[in-house]
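Novice: One letter stands for each residue in the lines below.
2 protein chains.
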Amino acid sequence: MDVTRRLARFVVESRWPDIPESARREALRSFLNWLGCAVGGCRHETVERALAALAEFSGPAQASLLGRGERLDILHAALLNGISSHVFDFDDTHLKTIIHPSGPVASAILALAERQAVNGTGFLHAFILGVEVECRIGNAVYPAHYDVGWHITGTAGVFGAAAAAGKLLGVNEQQMTWALGIAATQSSGLREMFGTMCKPFHPGAAARNGLAAALLAQKNFTSSERALEAPRGFAHVLSTERDFDAITEGLGETFEIALNTYKPFACGIVIHPVIDGCIQLRNEHKLGPTDIESIAVRVHPLVLELTGKKTPQRGLEGKFSVYHSAAVAVIHGAAGEKEYSDACVRDPAVIALRDKVTATADASVREDEARIVVRLRDGRVLDKHVAHAIGSLERPMSNADLEAKFRDLAGGILPGAQVDNLIGMCWSLAELDDAAKVARAARNKS
Amino acid sequence: MDVTRRLARFVVESRWPDIPESARREALRSFLNWLGCAVGGCRHETVERALAALAEFSGPAQASLLGRGERLDILHAALLNGISSHVFDFDDTHLKTIIHPSGPVASAILALAERQAVNGTGFLHAFILGVEVECRIGNAVYPAHYDVGWHITGTAGVFGAAAAAGKLLGVNEQQMTWALGIAATQSSGLREMFGTMCKPFHPGAAARNGLAAALLAQKNFTSSERALEAPRGFAHVLSTERDFDAITEGLGETFEIALNTYKPFACGIVIHPVIDGCIQLRNEHKLGPTDIESIAVRVHPLVLELTGKKTPQRGLEGKFSVYHSAAVAVIHGAAGEKEYSDACVRDPAVIALRDKVTATADASVREDEARIVVRLRDGRVLDKHVAHAIGSLERPMSNADLEAKFRDLAGGILPGAQVDNLIGMCWSLAELDDAAKVARAARNKS
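These protein sequences, in sequence, are chains P and E. Take 1 as the starting number for the first sequence in this note's numbering and just add one per residue. Take 1 as the starting number for the second sequence in this note's numbering and just add one per residue.
Just so you know, the hints here were simulated from the structure itself, not pulled from any lab data. Hints may be right or wrong, so weigh each one.
[Said to hold, decoys possible] DSBU-like, lysine-lysine: derived pairs with alpha carbons at most 30 Å apart:
(1) P/K219 / P/K437
(2) P/K219 / E/K445
(3) P/K310 / P/K384
(4) E/K356 / E/K309
(5) E/K338 / P/K219
(6) P/K338 / E/K219
(7) P/K309 / E/K219
(8) E/K219 / P/K445
(9) E/K309 / P/K219
(10) P/K219 / E/K310
(11) E/K338 / E/K96
(12) P/K338 / P/K356
(13) E/K219 / P/K310
[Stated by the list, open to error] Cβ pair distances, simulated, as ranges:
(14) P/A387 / E/G250: 56 to 64 Å
(15) E/P289 / P/T248: 40 to 48 Å
(16) E/R346 / P/L393: 52 to 60 Å
Don't be surprised by glycine CBs; every beta carbon is placed ideally from N, CA and C.
Assemble the whole structure, with the sequences as input and the hints as a guide.
Specialist: Following this line, the structure appears as structure tokens:
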């Protein structure tokens, strides 16, 4: 079984006309959503600290930091933009694997596009293939790999970045096979880091390391040629279970990017059904925090496993608290970045309501489902069943929703006219003669 | 159990007078041996290809590539020197874990020393502590972690590089704890890569990533504070067994560097008993290849697992062939880089003898032991029991042996007078007012 080589061959041999319209359309939506997140996150303390530590070591000013003024070498730009795009936990989600597919891939190749001219379709093509590679590898090992403790966006993302960068570099099949191998041996990122600055570091590192893997392979830096399937390869060492058919079956026929989703709320996808339901109840019944006696939510077990923090102290920790999230949904009717600020997490009114929230894990509840019961002081009992949260495949965000999200994120960073221009460029990416124009258009000139 | 924090506190609070003479002495020997390997390997194709791929992205010319003329930013210098020092598989070995301790640590801090002035004792102190951290973490998970398929020099080395660099940077306990966390989430490197250019990439990447971890932590880039011991931390995710006492017991009392060993042969340590025995038989009986009917070796099972390649095609693969190694030991009485060249691996005389070698795994044979039976055409049967190979703790290489090895390695790269000067500087490292002088003295001026 030559899984790694077959995947490499597919990426090398794929042609733009082979890519179906559904994949192209979702690629544009994914890219727009990713770019908004990267611009929106660019002033976050996580980015500032990484930049303070590493900017000194940057090579030539090849590539733009999105939303900012600096230009760094493409490896550092990939790292920093990758961090920036995930710092709000607001980027896209491949629900089958909980991978955030765009971060590693787009961060790598948008930086590369500023060094290596590529037109819009060439760029989109590489992007779609990179997402395909990381998500198929994710499909092969999820959920066992995730259960072991790996942050799959980092561990699978590095393959996606390598494949996409290798496609832009025009490497041959042998080199692409090595690129996947060099990616495999850098695959890393622990779920233990959730709630710290290392979480957004993971897609950044995956972008940089995958890009470096492709650049090394282009110079014939050798690697295992069976890095995925060998007894000591990625799928055996980093997972307790694996299904290689998930990598090779239907390759070129189905495209994982068509299954991509986008978050209306600035936190892990698993809490979205609860937030969605709480906002609906708030709006339907005009609830205020003082009306409420208790909120009881019934959720998939993963919700408590990932977001069970009862008393978050900082904004970032709030994203890992279903209790805080339910409280802000009722009080503010939203769960954007503002609702995950330090100030909001420490707001006495939020804390008071948070302490009235109880959550119960129930294996019969699906991951995108939630059951909520709110008891009011006046004795009324309200309930809400969310079958599929907003942002799911069944209830996707519209293009207009995505544009509104983009404006919310980028609006505080770039002037309105520049934001409008960027949105337009994203939708017409396939017609651009030079994809790097998007990166340059996202630079802060002030 | 706050394993990570205790380890961080130990590194931060350790003072040079606390370091026993035995550790200081072995640190000098380790550093000398490492430097010779790094200089000797600096023209290897692996280094050339990595440099061809990555030099374009280097930042300011801060740090020297040992044995070469280029200067790169410290992160790239750490990566390249780390690759160079392991490219011959000739560097030091901590036998309890098969970690090659110096590569990740020395590559990181010698580069850092060119940016951040430090005297000789400060440098040696950080080096000893870095080795302590990586080897203790290795002790905690070896052999289970290695059996899973991890190249422990990469996976544990990143912690050592982070700790040593953090010590030189003077970070506080909190930052050191984060540095170990940022290291943990980059821990990577698969044994599947053995026999390819990715193997020496591992200590290089560990050096660079550990150095970056310390630099990030210095700017308060946050991480888990329980990265080693948490249920989703390094020791649980990357190993099936773990013993945290191996990290914390006797901290500051015993020093792992005192257990370091050096290779007389340019290949994995596990084949050394066989090579040693074959060279002894050759010299004692003046054997030539045509005298021999067969060579039967009985070895620890790991030997066949790691070096069982029967028909290596390239020099690098020869290092993973106990058969090739036994053949060159008899024919050339040596197993240096020359005996692992492409030419030597393809030499018909070597191939003919190689095909007469059989190897049997025997769990009753220790790792540093071998039993060899040579049948001669004239009917004689010779046998040799190697109880401890040359280079082991029981039969260590002398300082003179190490100097001779250094001259062999560096002699082809740097002029003789420069090599002599370098050796002298290594022995007197503790007296240097600026440790970076060693790096500058190892530059190729031609």
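Novice: Which hint numbers doesn't this structure obey?
Specialist: none
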